[in-house]
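K.L.:
Listed below are the residues making up each chain.
Protein chains: 2
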Amino acid sequence: MAKEKKLVEAITSMDEDFAQWYTDIVKKAELSDYSSVKGCMIIKPAGYAIWENIQKELDRRFKETGVENVYMPMFIPESLLEKEKDHVEGFAPEVAWVTQGGLEPLQEKLCVRPTSETLFCDFYANLIQSYRDLPKVYNQWCSVVRWEKTTRPFLRSREFLWQEGHTAHATAAEAEERTIQMLNVYADFCEEVLAIPVIKGRKTDKEKFAGAEATYTIESLMHDGKALQSGTSHNFGDGFARAFNIQYTDKDNKLQYVHQTSWGMTTRMIGAIIMVHGDNSGLVLPPRIAPTQVMIIPIQQRKEGVLEKAFELKEVLSDYRVKVDDSDKSPGWKFSEQEMRGIPLRVEIGPKDMEAGQAVVVRRDTGEKYTVALSELKERVGELLDEIHAHMLEKARAHRDSHTYEARTYDEFKEIIDTKPGFVKAMWCGDQACEDKIKEDTTATSRCIPFVQEKLSDKCVCCGRPAKSMVYWGKAY
Amino acid sequence: MAKEKKLVEAITSMDEDFAQWYTDIVKKAELSDYSSVKGCMIIKPAGYAIWENIQKELDRRFKETGVENVYMPMFIPESLLEKEKDHVEGFAPEVAWVTQGGLEPLQEKLCVRPTSETLFCDFYANLIQSYRDLPKVYNQWCSVVRWEKTTRPFLRSREFLWQEGHTAHATAAEAEERTIQMLNVYADFCEEVLAIPVIKGRKTDKEKFAGAEATYTIESLMHDGKALQSGTSHNFGDGFARAFNIQYTDKDNKLQYVHQTSWGMTTRMIGAIIMVHGDNSGLVLPPRIAPTQVMIIPIQQRKEGVLEKAFELKEVLSDYRVKVDDSDKSPGWKFSEQEMRGIPLRVEIGPKDMEAGQAVVVRRDTGEKYTVALSELKERVGELLDEIHAHMLEKARAHRDSHTYEARTYDEFKEIIDTKPGFVKAMWCGDQACEDKIKEDTTATSRCIPFVQEKLSDKCVCCGRPAKSMVYWGKAY
Numbered sequence: 001m002a003k004e005k006k007l008v009e010a011i012t013s014m015d016e017d018f019a020q021w022y023t024d025i026v027k028k029a030e031l032s033d034y035s036s037v038k039g040c041m042i043i044k045p046a047g048y049a050i051w052e053n054i055q056k057e058l059d060r061r062f063k064e065t066g067v068e069n070v071y072m073p074m075f076i077p078e079s080l081l082e083k084e085k086d087h088v089e090g091f092a093p094e095v096a097w098v099t100q101g102g103l104e105p106l107q108e109k110l111c112v113r114p115t116s117e118t119l120f121c122d123f124y125a126n127l128i129q130s131y132r133d134l135p136k137v138y139n140q141w142c143s144v145v146r147w148e149k150t151t152r153p154f155l156r157s158r159e160f161l162w163q164e165g166h167t168a169h170a171t172a173a174e175a176e177e178r179t180i181q182m183l184n185v186y187a188d189f190c191e192e193v194l195a196i197p198v199i200k201g202r203k204t205d206k207e208k209f210a211g212a213e214a215t216y217t218i219e220s221l222m223h224d225g226k227a228l229q230s231g232t233s234h235n236f237g238d239g240f241a242r243a244f245n246i247q248y249t250d251k252d253n254k255l256q257y258v259h260q261t262s263w264g265m266t267t268r269m270i271g272a273i274i275m276v277h278g279d280n281s282g283l284v285l286p287p288r289i290a291p292t293q294v295m296i297i298p299i300q301q302r303k304e305g306v307l308e309k310a311f312e313l314k315e316v317l318s319d320y321r322v323k324v325d326d327s328d329k330s331p332g333w334k335f336s337e338q339e340m341r342g343i344p345l346r347v348e349i350g351p352k353d354m355e356a357g358q359a360v361v362v363r364r365d366t367g368e369k370y371t372v373a374l375s376e377l378k379e380r381v382g383e384l385l386d387e388i389h390a391h392m393l394e395k396a397r398a399h400r401d402s403h404t405y406e407a408r409t410y411d412e413f414k415e416i417i418d419t420k421p422g423f424v425k426a427m428w429c430g431d432q433a434c435e436d437k438i439k440e441d442t443t444a445t446s447r448c449i450p451f452v453q454e455k456l457s458d459k460c461v462c463c464g465r466p467a468k469s470m471v472y473w474g475k476a477y
Numbered sequence: 001m002a003k004e005k006k007l008v009e010a011i012t013s014m015d016e017d018f019a020q021w022y023t024d025i026v027k028k029a030e031l032s033d034y035s036s037v038k039g040c041m042i043i044k045p046a047g048y049a050i051w052e053n054i055q056k057e058l059d060r061r062f063k064e065t066g067v068e069n070v071y072m073p074m075f076i077p078e079s080l081l082e083k084e085k086d087h088v089e090g091f092a093p094e095v096a097w098v099t100q101g102g103l104e105p106l107q108e109k110l111c112v113r114p115t116s117e118t119l120f121c122d123f124y125a126n127l128i129q130s131y132r133d134l135p136k137v138y139n140q141w142c143s144v145v146r147w148e149k150t151t152r153p154f155l156r157s158r159e160f161l162w163q164e165g166h167t168a169h170a171t172a173a174e175a176e177e178r179t180i181q182m183l184n185v186y187a188d189f190c191e192e193v194l195a196i197p198v199i200k201g202r203k204t205d206k207e208k209f210a211g212a213e214a215t216y217t218i219e220s221l222m223h224d225g226k227a228l229q230s231g232t233s234h235n236f237g238d239g240f241a242r243a244f245n246i247q248y249t250d251k252d253n254k255l256q257y258v259h260q261t262s263w264g265m266t267t268r269m270i271g272a273i274i275m276v277h278g279d280n281s282g283l284v285l286p287p288r289i290a291p292t293q294v295m296i297i298p299i300q301q302r303k304e305g306v307l308e309k310a311f312e313l314k315e316v317l318s319d320y321r322v323k324v325d326d327s328d329k330s331p332g333w334k335f336s337e338q339e340m341r342g343i344p345l346r347v348e349i350g351p352k353d354m355e356a357g358q359a360v361v362v363r364r365d366t367g368e369k370y371t372v373a374l375s376e377l378k379e380r381v382g383e384l385l386d387e388i389h390a391h392m393l394e395k396a397r398a399h400r401d402s403h404t405y406e407a408r409t410y411d412e413f414k415e416i417i418d419t420k421p422g423f424v425k426a427m428w429c430g431d432q433a434c435e436d437k438i439k440e441d442t443t444a445t446s447r448c449i450p451f452v453q454e455k456l457s458d459k460c461v462c463c464g465r466p467a468k469s470m471v472y473w474g475k476a477y
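Line order of the protein sequences matches chains A and B. Residues in the first sequence are numbered from 1 upward in steps of one, following the numbering used here. Residues in the second sequence are numbered from 1 upward in steps of one, following the numbering used here.
Be aware that one or more of the hints could be misleading.
Pairs involving identical chains hold if they fit within one copy or between any two copies, as the list cannot separate such chains.
With a cut-off of at most 30 Å between alpha-carbon atoms, the simulated BS3-like pairs for lysine-lysine come out as follows [to be verified]: (1) Lys63 to Lys28; (2) Lys27 to Lys251; (3) Lys136 to Lys251; (4) Lys468 to Lys314; (5) Lys251 to Lys149; (6) Lys378 to Lys56; (7) Lys352 to Lys303; (8) Lys414 to Lys38; (9) Lys109 to Lys38; (10) Lys28 to Lys455; (11) Lys56 to Lys314.
These are calculated hints, taken from the structure and not from any lab test. This structure is a prediction, so every number in the text was calculated from the model and none was measured.
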């Protein structure tokens, strides 16, 4: 048992030091590793397999709404980045610059894309001539670079993987519709696949994307009570179209500017999965995203017939993503590993089970054990994977709801932020001065103006002037 | 008919100007576009969908051999790139350098990866301790950058997409086995999916990868008689392991160097598909890679029931990748478009067909028309897609074989290279001086020393000294 203990003891308790617990899981579940390039991470097989499943699920949902994938260059000439004023101000301070190609200095420096609005706009300006060319609903899967000062695996790194959708439409209404449509795709994906409940809303002007008319966001709450912006969808109106001169002739042969959107989700969702679902035994993966959903662990595997039976069960369970751990480690060690890696179900099969025609099935999320007749194993595993998903979503929702507070006075607000990690709902006058003051006083930021509004009072929680809307506030990653 | 003619006439004939024909297809089939970044292309939806299918097919084959996907940083610190001498000499002259991150100059410049051997070695040096950690069989899908002077869409661009596999093994024999295994995966993929026959062989020392002990290649022949290197697999021996100090303790507790391989295939295969299969009506896509395999084109679509029937047939054919062109263009225009885009089958359905309970099915590769009873449509389409694949592969093989020549004297060699585009098989002494002379005299290069050797004569075709092996020579992209 000494070895098993060592494996488990190597994780810091999440209540003791949440940041260290996070780092321990990233390392022990072999999700990512540090590289020789400061601030850039290596995504290891266990981490990348999660990303592949995220891609598969999201991409399918995108394509159902008419999205087409493309690939744009990774470099942006300085003059192109500078075309939209707000955008360049937002991004120029944090880009990496290529100044030399081969043995020659470049005539114009190129930045490594931090996001690709400018490239898509430049492309669309050539591509779009007539109303017949609209809409364009393009997306790309790629990596982007932002020269962050402090970094953490998955949550904030100098290079990360994402998808960025960029669309062009004939009318403002169509652009707004697409912006909301994609926000809903993200929200549904988070709940239905990652078992992460989200708050949908609009960002304040202070927090919106550089160059956007409106930014919509989904916000989720981590186990430590900090918020994570989990996906954003931007409506650009015709701002970029005017800067890049993207015009089309409408049915009446008049020149019109297009209306644009963009929307993205990143590898930071792997961080969200860790911080929403993980526990002190390691990662807990939602079944629909888990690269391995079921780990079969043979007990006394050297006894005759045990390994054969384990592989037979693998066949029986082949509708699911299933593996057999036939390594020469002890069962206890294998249990710890399966728990650390967050595999939703473990099936134990040994000589006694075989004799009784059954297997022991253990849930990763609750630790519950079930004795299941082998004849019912396939069906039961399917049911349990669905139950686990529902339970994880419910648990995360209950945690979020029990960590969502209401503040009606500024004293109350400050006390909650100070003592109770979570979201705080409070009224806001709409003035950025109050937002700035709240951030300065408490380090909390406005997470979003939720679509579902409540009227907690008539007055701004900060200045007492008439309130315009209710805002979710919180400390964030 | 005027419009249809215009569409078709816009392509240059391949016999008149092959390079212009290629560029025309890339543009008219909407595969890629030029960008504002010199030498970097935009891959448009029709091109990217081909790449997605290449990825899906290759990735599945990789995983069947135990490959796991990872993601490494896109940057390589200069000091890391310099660790293996041959490697840095091969790549340093053609990399892009990042010298500034955010507002600060970097302390050490970073190159944008031209290939990731050095990053994987650095990773493996930390990851691999014991024989239990071996083998490591990792791959990544990403983009790489090489600062080429002259570029052409898909064939040679400053940034391109690829996969790069990097493996580490306990023994030299295992590394060699993996190198050949992956070459075979590529060869099978080319024949079974892209309908492109390939020659498997080893590169000469002059042509091998910078830092490799041996480079294996698959070479294919384009319609104009030029060769295209279509995939390579490298055995590094322990060269990189020694440079990066990648050691493991074996079962006898002794320190050993690992043996490594790498292997890659790129978006240039889209260029190969164009140049092997295309014709004067446009692209011809092999059915197994075609994003759309069947285009249903309604005739007199405003007549009652025609569009409904077209969409009903779409349901019938839903085992295949099928679309209905219900745009308001004329049928003739739609035919030209389907041909230009290389969609393998077209199904025409109009009022007369409906009355007769049949549809007209037209093959893109041969132009053959079939009248097919609707009750047999599904089965017939499946058969035809298989027949098209087999026919395209056979046709490409026949073209290659009829453009493969043998030369026994240097005069003969030079005359063939000069007058007959294609491969030339000729004996070689093994001396690089002869390879250099042949290249200087004829611009032809050694494509590979094929695994299937023939003894055409005893003497080197160039110098007349005793021959060591038969080599495929040719002008190449």
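K.L.:
With reference to the structure, classify each hint as holding or not holding.
P.N.:
Comparing the hints with the structure gives:
1. Lys63 to Lys28: between (35 Å within a copy, 24 Å between copies)
2. Lys27 to Lys251: between (58 Å within a copy, 26 Å between copies)
3. Lys136 to Lys251: Classified as within; 17 Å inside a copy, 59 Å across copies.
4. Lys468 to Lys314: Close neither inside one copy (58 Å) nor across copies (52 Å); limit 30 Å.
5. Lys251 to Lys149: neither (50 Å within a copy, 44 Å between copies)
6. Lys378 to Lys56: both (24 Å within a copy, 28 Å between copies)
7. Lys352 to Lys303: within (11 Å within a copy, 71 Å between copies)
8. Lys414 to Lys38: For lysine 414 and lysine 38, neither the intra-copy (36 Å) nor the inter-copy (54 Å) Cα distance is at most 30 Å.
9. Lys109 to Lys38: Answer is both: 22 Å inside a copy and 12 Å across each meet the 30 Å cutoff.
10. Lys28 to Lys455: neither (46 Å within a copy, 57 Å between copies)
11. Lys56 to Lys314: Both, since 24 Å and 24 Å are each at most 30 Å.
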